[in-house]
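Asker: Given next are the chains, with one letter for each unit.
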Amino acid sequence: GENVEQHPSTLSVQEGDSAVIKCTYSDSASNYFPWYKQELGKRPQLIIDIRSNVGEKKDQRIAVTLNKTAKHFSLHITETQPEDSAVYFCAASNLDSSYKLIFGSGTRLLVRP
Amino acid sequence: ETGVTQTPRHLVMGMTNKKSLKCEQHLGHNAMYWYKQSAKKPLELMFVYNFKEQTENNSVPSRFSPECPNSSHLFLHLHTLQPEDSALYLCASSQGYRTSGTPGQFFGPGTRLTVL
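These protein sequences, in sequence, are chains A and B. Here the first sequence is numbered in the working numbering, starting from 1 and rising by one per residue. Here the second sequence is numbered in the working numbering, starting from 114 and rising by one per residue.
Among the clues, some could well be false.
No more than 20 angstroms apart at the CA atoms, straight line, and that leaves these computed lysine to any residue pairs for SDA-like [what the hints assert, rightly or not]:
hint, chain 1, residue 1, chain 2, residue 2
1, B, K154, A, S26
2, B, K153, A, R108
3, A, K42, B, T118
4, B, K154, A, V87
5, B, K154, A, P82
6, B, K131, A, I48
7, A, K42, B, P155
8, B, K154, A, S9
9, A, K71, A, V54
10, A, K42, B, G116
11, B, K132, B, F177
12, B, K153, A, Q6
13, B, K154, A, Q6
14, A, K42, B, H123
15, B, K154, A, V54
16, B, K132, B, F164
Facing chain B, according to a computed beta carbon distance under 8 angstroms, are these residues of chain A, among others [unchecked claim]:
hint, residue
17, P8
18, L46
19, G55
20, F103
What the hints contain is simulated information worked out from the structure, not anything from laboratory work. For each residue, glycine too, the CB sits at the ideal point set by N, CA and C.
Between the sequences and the hints, there should be enough to build the whole structure, so can you do that?
Answerer: Here's what the structure looks like:
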């Protein structure tokens with residue numbers, strides 16, 4: 001079945017450094033890839049998404065890249081700040097069949113001040 | 114933060130109890146979802162409703178029974194639960210499938226369920 005693998009499971013960086021989280025997906029028909037941030041005790045929130053017709057998308061300090069051939073996509077956070085500390089989830093969906101999202105297992109990011 | 118609301122926020126129930134979780138969305142969406150979040154499986158899809166029709170049941174045990182009376186409301190009826198069902202239950206909504214809207218899902222705050 002459809003599967004999304006996410007790495008690393010935990011990531012600790014110094015404030016100001018960059019953080020990269022990687023995901024791979026199994027369904028080659030997937031064409032929509034959102035990223036969610038979940039702070040402790042709060043709901044997951046959509047922070048950025050990308051469709052398969054685009055290779056890269058940027059929004060201030062966060063960017064997502066997509067490699068359709070290799071079936072992997074990555075979240076890049078630059079100039080990390082302590083408030084970036086949270087669990088980040090990637091997801092994949094085939095919008096031509098449904099809006100169902102298959103989530104990765106999450107990455108716990110800690111930004112050390 | 115008020116686009117998708119869930120009640121109750123916390124629930125403790127015995128294995129023989131019957132309870133219901135409620136979700137309401139104020140975003141004009143037509144698709145709604147139930148997820149289970151636990152340490153074992155961080156975000157596990159349970160059910161999907163698109164324009165009030167159930168389109169996905171991810172092999173969920175029958176002790177969980179969803180109900181979607183309209184596009185703004187979603188319920189999860191619980192009965193004869195097991196301790197391993199203790200988890201955070203999240204509701205989400207999005208534009209309906211095969212509409213022109215963005216497919217992004219927006220989550221409610223969740224119901225923390227403890228089964229004794």
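Asker: Out of the numbered hints, which ones does the structure contradict?
Answerer: 5, 6, 15, 16, 17, 19
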